[in-house]
Amino acid sequence: MPWSGPSLEQVAPPGDVLVDVDGTQRWWVKAIIAALAGLLFSLVLSACLSLGSAFRVAPLVAVEQAGIDFGMRAYTAFTGSPRTTKAIPHYVFVDVDRPACDAFSTASEPCGTGRSVPPDLIIAFAEAARRSGAAVVLIDVKVPEDVEERNRLARGLAARDGPWVIASLAVRPRASSEQLELTAEGESLLGPVEGGRLRSGRLLLAPFVTATDASAADGVIRHYPLLARVKDVGTGAEARWLPSAPFLASGLADPSSVDVILCRYYPVVGERCAAAGPAPLSPAIRFGEQAQLRNRIFYSLPGLAAARQDQQAIYRDRYLGFYDRVPASALLQGTEFSWPQDLMQDAVVILGTSAPEGHDWHVTPLGPMTGPEIVLNAIRAFSEFSPLSEPSAAAGFSDKLAAAWRGFSVKVGAVVTGTLIMLVGWLAIFWIGDHWTRAPRWMRRVACVLVFFGVLTLTALIELFSGISSLQRNAEVAEATDLLTPLLALGLEGFAEAARTFAHVAEALVAWGLMRSVSLIKKLRERRPDEDV
Amino acid sequence: MKTSRHHPAIFGPSLWQILGFCLAVFASLTLAASAGPAGAQDRPVGQIDTARGIDLPDQAVVLRAAGGTTPARSLVRLYDGDRIQVRGAQTRLTVYVAGNERPIVVTRANSPYLVRGRSGRPLSGPVTQMLASLDLMFNRPRMAIATSTEARGLDNATAASAFLPAGPQRLPAGTRPLLILWSGSASAVQIVQDQQSREWAASAFTSTLIDAPAAGNFDIVLPGDALGWTIARVPEEAVPRASSLPANGPLTFEERLANAMWLLTEAAPEWRLFGLSEVADLARTDYGAARLLAAIRSGEIEPEDLAAPAD
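Chains as they are written, first to last, in our numbering: chain A, 1 to 533; chain B, 1001 to 1311.
Don't read these hints as lab results, they were simulated from the structure. Backbone N, C-alpha and C fix where the C-beta goes; we use that ideal spot for every residue, glycine too. Any given hint could turn out to be false.
[Said to hold, decoys possible] Output of the computed footprint for chain A on chain B, the stretches with three or more beta carbons under 8 Å from beta carbons of chain A:
1. 1066 to 1075
2. 1097 to 1104
[Stated by the list, open to error] Below, in silico cross-link-like pairs of lysine to aspartate or glutamate (DMTMM-like), each with a Cα-Cα straight-line distance of 25 Å or less:
3. A:231 / A:185
4. A:142 / B:1305
5. A:400 / A:218
6. A:30 / A:507
7. A:142 / A:161
8. A:142 / A:187
9. A:142 / B:1286
10. A:231 / B:1254
11. A:142 / A:181
12. A:231 / A:181
13. A:142 / B:1058
14. A:231 / B:1286
15. A:142 / B:1302
16. A:142 / A:127
17. A:142 / B:1304
Can you build the whole structure from these sequences, using the hints too?
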């Protein structure tokens, strides 16, 4: 088809390439201006939110908190288990269900009235786990109060061979303002705490305690401490640093750090540690001794116990062999536990319960989750990722400014990506508006609206995926990533455009109505002299 | 095809290019969304969920694609290319294979069964995975959770708790929250006073806090009259105190808690409701009282556990 439009000289007179022949801006200039306006808007919004959250402005902190929670939800929804499970441990949650409990319960303490995991069940499980090839076994069950039961359980767990077993050190909180301070109860699984006995054979005692963020006031568990300061353990008056159960498990799952962790926190004179007393801090211990509470867990494993049946099927499809929830009754043959060797080989195994009477359900950014699932998330965060850093309330001005800059720089990546894609949309919209002259006006408008919302949705999706990928990368370098703000900025830009369009339409309607009224009045006036006649 | 400013096609090449770009980006996104779940070769693709009718080890085995044989039993992992061989006439294996909506039953009739993984299953393709991911992200399950760890009781039979025997109870004057405690099934709780009743739902829990009427005697019942208490008001001074506590004057927090424990263990049984409610009131601010309350509500302790040891 021969070119029948204006010549290049007509369209773009020398010296004024930005303006069309009719004096209006060219379509691509308008598109660039619209995209840059959107970028500016998004950057200002991101900067305000980053500064606000770093300086702990409560509403903005809440927005960023929601953004990080949203990011972890998106991560767990869109990513599955890693392609290979050979290099890193896999995770097994043995969930003590009612049939398994019934198999070990006694007439005096039937299941369903408080004791959901009988001590005999734990002993039988530990006996079987000794031959399982697991890397670490955690017993996330309250220690029995009866001395005889406790001694029996300690004897059953304290083996000389098999995997490391981590059981709960009975503690209660003292303070949790900056670091977690705990007081040990009088009796532990390994006897009176005055003796300070926290290790027997392969059995180690550690606190299974975390704290919720009081400033968030929503009761959601977002943090897990690496270390806790425990008072009244041992003979000294000084409080003693102990690793939290997930941090200890992540250390023991890595063969290269086992000796260092044990010598530092569980020294047994004459065994492996050269000198008496705790070993000095070693670089082999990951993250050093970060005692602050603000170690945000990177939740990467969904709550399997709370999932709907159809969701459980999807999770099973994605996580089979990497993260499994196995009902304890499925492992039982009579009153003996047994399972195929590869089920728990090299795995981090946790024994706990999702039964309501176990009182171990909590609120997390991913929704309701059992205590064992939270512990597994924390172990994975400490093993494969890092605790996500965030400025504490006591941080100085420069630290907060640096945190704001880090948050802003993460958001800028998503915002710029979004702007580039929106530019494509704006180009299409202004091209349709200026050049698609054969189509009726209403069709061009509908096409523009469709393109706008289509590109907006596409941009949101791309921002989401680039955010998830950034979250994964950031998890390794310890930075909390907020995925919501770029989407929010984009949504607000869309809202602004929609509002502008609505205003134009409203203006046009009002103008049309006025014109109609004026012409009607004119007509009436013109008719009146005739009527008079 | 050429386009002109005055005679453009309905969708000119520029628009097609834009749409093509959008489609390409969407396709790459869906592939990215499914990259994690799919394609792993060294991960199991299935599992034997249940194995029945196996008396001898050779009645059902898994022939590994990588070589070797594993006796079939529940929870045996299955990898792509494995074959399940069943010889027993009564043997029946229920097998889960990723990507299949329904479990597969393997018997001698369909043996050997070849395990095929996620590859080659259109239903578990990228678009399906992406839609499933969106559902997981936005359609999170909701469930009632007991954040203050209330306990559930036995499945049947509502019965009086050892801490709060049915029958007459005494309460000092004034409005206060009352802790009603029982064992057995969940129930609502009603207060009946002067032919009028109010009801509190205590679904799923065997204890609840209710507000006492400001004055006068009243009854507390579980519907169906399975369990009930008749409450008589007495003057504040009539509340008994343990001998070790000051006989008159206000009590400190610690003394109130000590007296509440004494009321629950050594005083007359009609003071149990007041004792329990004192513990519940103190539990709002006192850690020890909160632990005691949790232990009482969960049924972990009995009144005799609180009694002072005999000299």
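Tell me if the straight-line CA distance from residue 231 of chain A to residue 185 of chain A falls inside 25 Å. Measuring from Cα to Cα gives roughly 9 Å; hence the hint holds.
25 Å Cα cutoff - pair residue 142 of chain A, residue 127 of chain A: holds, 19 Å
Proximity test - 8 Å, beta-carbon atoms, the region 1097 to 1104 of chain B to chain A, at least three hits: holds (count 3)
Has the given pair, residue 142 of chain A with residue 161 of chain A, been kept, meaning a C-alpha gap of at most 25 Å? The hint holds at about 24 Å.
Next pair to validate is residue 142 of chain A with residue 1302 of chain B; report whether the Cα-Cα distance is within 25 Å. Holds, at about 18 Å.
Restraint check for residue 142 of chain A with residue 1305 of chain B, where alpha carbons must lie at most 25 Å apart: Within the cut-off at roughly 18 Å; holds.
Taking only the CA atoms, is the gap from residue 400 of chain A to residue 218 of chain A under or equal to 25 Å? holds, 23 Å
Is the straight-line distance between the alpha-carbon of residue 142 of chain A and that of residue 1286 of chain B 25 Å or less? holds, 22 Å
Pair hint residue 142 of chain A and residue 1058 of chain B, alpha-carbon separation not exceeding 25 Å: violated, 42 Å
Residue 142 of chain A and residue 187 of chain A were given as a pair; does the straight-line alpha-carbon distance stay at or below 25 Å? Given pair residue 142 of chain A, residue 187 of chain A holds - Cα atoms ~13 Å apart, limit 25 Å.
Coverage claim, chain A over the region 1066 to 1075 of chain B, checked by counting residues with Cβ within 8 Å (three needed): holds (count 4)
Are residue 142 of chain A and residue 1304 of chain B close enough, with their CA atoms no more than 25 Å apart? Holds. Residue 142 of chain A to residue 1304 of chain B sits at ~22 Å (cutoff 25 Å).
This entry does not satisfy hint 13, going by the numbered hints stated previously; all others are met.
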